[in-house]
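*Asks:* If you want the building blocks of each chain, they are given just below.
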Amino acid sequence: DVKVTQSSRYLVKRTGEKVFLECVQDMDHENMFWYRQDPGLGLRLIYFSYDVKMKEKGDIPEGYSVSREKKERFSLILESASTNQTSMYLCASTLPAGLAGAETQYFGPGTRLLVL
Amino acid sequence: SQQGEEDPQALSIQEGENATMNCSYKTSINNLQWYRQNSGRGLVHLILIRSNEREKHSGRLRVTLDTSKKSSSLLITASRAADTASYFCATEINDYKLSFGAGTTVTVRA
Chain A
234 DVKVTQSSRY LVKRTGEKVF LECVQDMDHE NMFWYRQDPG LGLRLIYFSY DVKMKEKGDI
294 PEGYSVSREK KERFSLILES ASTNQTSMYL CASTLPAGLA GAETQYFGPG TRLLVL
Chain B
30 SQQGEEDPQA LSIQEGENAT MNCSYKTSIN NLQWYRQNSG RGLVHLILIR SNEREKHSGR
90 LRVTLDTSKK SSSLLITASR AADTASYFCA TEINDYKLSF GAGTTVTVRA
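Protein sequences, first through last, are from chains A and B.
Going by my numbering, the first residue of the first sequence is number 234, and it counts up by one from there.
Going by my numbering, the first residue of the second sequence is number 30, and it counts up by one from there.
Source of the hints: derived by calculation from the structure; they are not laboratory data.
The structure presented is a predicted model; accordingly, all values stated were derived computationally and were not measured.
C-beta atoms are modelled at their ideal positions from N, C-alpha and C, and glycine is treated no differently.
Among the hints, a few may not be true.
Quick look at which bits of chain A chain B covers, simulated, 3 or more residues with Cβ under 8 Å [claimed, not checked]:
#1 277-288
#2 300-307
As a list, the in silico DSSO-like pairs of lysine-lysine whose alpha-carbon atoms are at most 27 Å apart [said to hold, decoys possible]:
#3 A/K286 x B/K126
#4 A/K303 x B/K126
#5 B/K98 x B/K126
#6 A/K290 x B/K98
#7 A/K303 x A/K286
#8 B/K98 x A/K288
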């Protein structure tokens with residue numbers, strides 16, 4: 234079974250703090266993703282990575298950065314946390330797309346972040 | 030804007046009844062996927078249907094795809110309390126990325 238783990242289930246931080254969210258997958262997947270999920274808005278893509286040290290901005294990258302130094306690990310960094318970054322953060326991984334299109338994404342359990 | 034949108038937003042049914050939810054999307058796709066999310070947890074993949082398929086089954090789940098109408102439906106038969114969750118359809122933006130709708134919240138009453 235694919236396993237995607239996230240470093241924390243719940244996190245409380247103060248405005249202005251630097252926040253690190255870690256994601257690790259054990260299936261040797263090339264692609265990894267960070268989403269945030271807010272009520273009524275569904276999942277919005279923040280960043281994704283298709284290889285070590287490679288990254289691409291998603292739909293809402295402002296205020297976030299990412300790091301992928303090893304294939305199995307993808308980190309999301311909030312440079313200076315703000316209250317509007319209070320959200321559920323979900324990490325996912327997947328194989329590269331096949332001939333039939335985008336592949337199944339495997340999700341971690343999520344990190345619920347509260348910024349005070 | 031989101032590529033896929035689910036309808037209805039919420040659904041409440043009695044245990045044993047069937048639940049049907051729909052997904053509409055805007056552009057042509059290679060495949061469409063359905064995911065489930067239990068409260069406060071990550072998403073779990075349920076089923077993937079390819080553009081050349083019209084119907085697919087997995088246990089008590091039945092998914093249909095109508096590419097001419099750009100729509101899909103997910104049917105859960107003989108619902109159980111454990112089916113209480115949010116259900117999302119996901120369509121491709123490109124080879125890497127999926128677009129998720131806002132989801133349908135299903136409540137199964139005992």
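*Asks:* When the hints from earlier in the document are held up against this structure, which numbers fail?
*Replies:* Checked against the structure, the hints that fail are numbers 2, 6, 8, while the rest are satisfied.
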